[in-house]
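Please take these sequences and the hints and turn them into a complete structure.
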Amino acid sequence: MRRFSPLVFLFILFLTACQAAVNSTAEVNAALPVETIENKGSDTIVNLALAWAEAYQKVDPHVAISVTGGGTGTGITALINGTVDIANASRRIKDEELSAALAAGYDPQEFIIARDAIAIIVNPQNPVDHLTPQQLSAIYKGEINNWSELGGDDLEIVRLSRETNSGTHVYFLESVIRLGNPKDDAIFSADTLLLPSSEGIIAEVKENPHAIGYDSLGYITDDVKMVAISSLENPADYVLPSIQSVNDNSYVISRDLYIYTLEPPAGVIKEYIDWLFSPEAQQIVRDLGFVPILKP
Amino acid sequence: MKNSQYQGNRIINSVIRITGYSSVLFVLLILFFLLREGLPALGSTPLASLFSLRWYPIEGYFGIVPLILGSLLVTVIATLIALPFGICTAVFLAEVAPSWLRDILKPIIEILAGIPSVVLGFIGILVFVPFIRKFLDIPTGLTAFTGALLLGLISIPTIVSVAEDALNTVPGSYRQAALALGATQWQTIWHVTLPAAKSGVLTAVMLGIGRSLGETMAVMMVTGNAPVMPVHLNSIFAPVRTMTATIASEMGEVASGSQHYQVLFFIGIILFLLSLVINISASLVSTRSRGRAERLLS
Numbered sequence: 001m002r003r004f005s006p007l008v009f010l011f012i013l014f015l016t017a018c019q020a021a022v023n024s025t026a027e028v029n030a031a032l033p034v035e036t037i038e039n040k041g042s043d044t045i046v047n048l049a050l051a052w053a054e055a056y057q058k059v060d061p062h063v064a065i066s067v068t069g070g071g072t073g074t075g076i077t078a079l080i081n082g083t084v085d086i087a088n089a090s091r092r093i094k095d096e097e098l099s100a101a102l103a104a105g106y107d108p109q110e111f112i113i114a115r116d117a118i119a120i121i122v123n124p125q126n127p128v129d130h131l132t133p134q135q136l137s138a139i140y141k142g143e144i145n146n147w148s149e150l151g152g153d154d155l156e157i158v159r160l161s162r163e164t165n166s167g168t169h170v171y172f173l174e175s176v177i178r179l180g181n182p183k184d185d186a187i188f189s190a191d192t193l194l195l196p197s198s199e200g201i202i203a204e205v206k207e208n209p210h211a212i213g214y215d216s217l218g219y220i221t222d223d224v225k226m227v228a229i230s231s232l233e234n235p236a237d238y239v240l241p242s243i244q245s246v247n248d249n250s251y252v253i254s255r256d257l258y259i260y261t262l263e264p265p266a267g268v269i270k271e272y273i274d275w276l277f278s279p280e281a282q283q284i285v286r287d288l289g290f291v292p293i294l295k296p
Numbered sequence: 001m002k003n004s005q006y007q008g009n010r011i012i013n014s015v016i017r018i019t020g021y022s023s024v025l026f027v028l029l030i031l032f033f034l035l036r037e038g039l040p041a042l043g044s045t046p047l048a049s050l051f052s053l054r055w056y057p058i059e060g061y062f063g064i065v066p067l068i069l070g071s072l073l074v075t076v077i078a079t080l081i082a083l084p085f086g087i088c089t090a091v092f093l094a095e096v097a098p099s100w101l102r103d104i105l106k107p108i109i110e111i112l113a114g115i116p117s118v119v120l121g122f123i124g125i126l127v128f129v130p131f132i133r134k135f136l137d138i139p140t141g142l143t144a145f146t147g148a149l150l151l152g153l154i155s156i157p158t159i160v161s162v163a164e165d166a167l168n169t170v171p172g173s174y175r176q177a178a179l180a181l182g183a184t185q186w187q188t189i190w191h192v193t194l195p196a197a198k199s200g201v202l203t204a205v206m207l208g209i210g211r212s213l214g215e216t217m218a219v220m221m222v223t224g225n226a227p228v229m230p231v232h233l234n235s236i237f238a239p240v241r242t243m244t245a246t247i248a249s250e251m252g253e254v255a256s257g258s259q260h261y262q263v264l265f266f267i268g269i270i271l272f273l274l275s276l277v278i279n280i281s282a283s284l285v286s287t288r289s290r291g292r293a294e295r296l297l298s
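Residue numbers (the numbering used here), protein chains in the order written: chain B, 1 to 296; chain P, 1 to 298.
A couple of the hints might just be wrong.
[What the hints assert, rightly or not] Listed next, the stretches of chain B that the computed footprint assigns to chain P, with coverage defined by at least 3 CB atoms under 8 Å from CB atoms of chain P: (1) 73-84; (2) 87-101; (3) 158-166; (4) 179-193; (5) 197-211.
[Claimed, not checked] Examples of chain P residues toward chain B, derived with CB under 10 Å: (6) W55; (7) E59; (8) P66; (9) V129; (10) I138; (11) T140; (12) L142; (13) M220; (14) M221; (15) P227; (16) A238; (17) R241; (18) E250; (19) E253; (20) A255; (21) S256.
No lab work stands behind these hints, which were simulated from the structure alone.
Here the structure is a predicted model, which means the values were calculated and not measured.
All C-beta atoms, glycine included, are put in the ideal place defined by N, C-alpha and C.
Below, the structure written as structure tokens:
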């Protein structure tokens with residue numbers, strides 16, 4: 001008998017585990033069934049979506065919202081493949097994605113749920129504190145390669161960017177490198193470092209005086225320095241990103257943040273999306289450093 | 001009684017046979033899947049474009065040459081780092097170290113093998129990257145060399161454990177004979193034990209190379225992922241983008257069946273072929289050198 005005691009012990013463990021599982025299911029069944037909303041996409045929005053999901057637990061405890069990141073392209077692909085209910089996007093849906101969804105017989109819906117500024121960041125030791133859009137474009141196209149050309153120290157510029165599956169990357173390409181000109185076909189300089197996460201960009205800029213990067217305003221920490229940017233119309237008027245400067249449109253590198261659903265929302269998904277526009281949900285937007293769509 | 005024992009044997013035998021065959025089946029299925037998804041890339045993308053020098057898939061630049069060279073560069077440097085370290089450690093463990101020290105070192109090396117590569121990547125970002133940038137005075141520490149250092153760390157445990165096993169299988173009588181003839185310990189190791197274990201040691205090295213070539217996460221975190229052509233001497237200390245990092249970071253976004261998707265699978269085929277070449281050359285080298293070692297010692 002002694003020989004078998006570990007086996008017996010395991011068996012008892014197994015039985016108790018079964019018991020626990022049965023119990024928890026019973027509890028849930030006693031109350032209303034829990035509905036799950038799957039939510040995936042932009043890494044820019046993922047923290048915001050998580051905060052919303054958490055707050056929504058108090059609004060409606062019978063809806064569980066599971067949030068994952070992975071990038072806007074990833075989220076929209078998952079939406080079209082039918083594995084998620086809501087896709088978070090930091091750019092508008094692309095024509096080919098839209099036609100793929102339409103071809104699959106869906107009717108995708110778009111909601112603008114917040115606004116965001118993209119801050120240009122450098123190391124705090126870097127004396128450069130303002131740039132024009134043209135200078136920024138030239139830096140990322142590889143035409144300006146040394147900080148001394150911009151009034152800084154004699155250091156080679158190290159360009160940092162998010163990976164190509166990031167909506168922020170696509171927005172930056174279209175609005176900054178190509179200066180919003182759809183006929184321009186300029187692309188990132190080949191030696192641009194493509195980092196897999198926002199944190200990776202912040203970590204490298206914080207540590208490296210050569211580096212320049214861009215990131216969503218909500219992710220900027222005090223360890224890096226934001227650069228004031230002018231607009232094409234007022235090249236001498238440099239503005240730092242803030243909620244104020246995004247709302248009065250004086251900071252130009254700003255964009256809308258979206259969520260997409262496959263069909264016009266109904267049921268719990270509709271209730272959730274309606275709640276996103278409430279003052280409570282938009283206060284979370286403000287708390288996380290993004291720009292609310294309701295005027296305060 | 002006897003009959004039931006016989007039947008039990010038969011069942012166990014056939015289960016073992018099925019699991020043995022299944023691994024062949026899995027490899028064939030993987031190959032079939034890779035070819036089915038990746039070969040259409042040759043149809044949708046002209047060869048001149050596929051083997052051009054610029055990788056920027058969201059605008060239709062599908063040049064995979066920088067990615068192949070990036071992977072090769074990182075793997076070669078990692079092997080140059082891991083090879084001497086790994087083999088010397090294995091020799092030390094198997095031939096030199098007293099048994100109490102071996103009992104401490106061996107589990108530690110096994111722990112090193114068990115550390116997830118993403119954790120090593122994290123340490124790489126926080127420690128290696130800033131250190132290499134300042135120490136070498138280069139613009140950024142996110143370089144091929146940083147990736148190779150991490151890969152070296154990752155492949156050393158593989159090399160050590162396989163090579164040490166090979167050294168342990170060398171019969172003690174070889175060493176005793178060499179020592180009896182008046183050879184020093186170093187001469188015994190270099191001229192007798194290592195040659196006798198040559199095939200196992202080479203297998204260890206090839207497994208280490210395979211490990212470096214296939215590693216994804218740590219490399220993606222510290223090499224900077226810039227798809228530049230690593231053709232200058234100082235490319236070692238510049239960012240590169242490897243094939244594995246490209247597949248890992250882009251596979252999630254592509255629409256299934258699109259041109260980008262096919263090209264990513266085509267990169268998968270190239271990776272598969274490269275590791276096949278490494279494995280085949282490993283087995284060729286090990287069978288050939290076993291013949292030579294046996295001749296040497298017979």
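*Within the stretch 158-166 of chain B, is the number of residues with a Cβ closer than 8 Å to a Cβ of chain P three or more?*
holds (count 4)
_Given a cut of 10 Å on the nearest C-beta pair, is the interface hint for E59 of chain P held or broken against chain B?_
It holds, given that the least Cβ distance between E59 of chain P and chain B is near 6 Å, below 10 Å.
*Closer than 10 Å between Cβ atoms is the bar; does W55 of chain P clear it against chain B? Give me holds or violated.*
holds (8 Å)
*Should the hint that L142 of chain P touches chain B count as held when the rule is a Cβ pair under 10 Å?*
Constraint on L142 of chain P satisfied, holds at 6 Å.
*Per the coverage rule (Cβ-Cβ under 8 Å, at least three residues), is the stretch 197-211 of chain B covered by chain P?*
holds (count 7)
_chain B contact restraint for V129 of chain P - C-beta distance below 10 Å_ = holds (7 Å)
*asked:* Please check whether M221 of chain P passes as an interface residue: C-beta within 10 Å of a C-beta belonging to chain B.
replied: Holds - the Cβ of M221 of chain P comes within 10 Å of chain B, reaching about 7 Å at its closest.
*With chain B as the partner, please determine if E253 of chain P meets the hint condition of a C-beta pair closer than 10 Å.*
holds (3 Å)
*Under the criterion of a CB-CB separation shorter than 10 Å, is P227 of chain P in contact with chain B as hinted?*
Holds, about 6 Å.
_Tell me if the interface restraint on S256 of chain P is satisfied: Cβ within less than 10 Å of some Cβ in chain B._
holds (7 Å)
*Hint validity - T140 of chain P Cβ closer than 10 Å to any chain B Cβ*: Holds: closest Cβ of chain B sits about 4 Å from T140 of chain P, inside 10 Å.
_For the restraint on P66 of chain P, tell me whether the closest CB of chain B is nearer than 10 Å._
holds (8 Å)
The earlier numbered hints are all upheld by this structure, with none contradicted.
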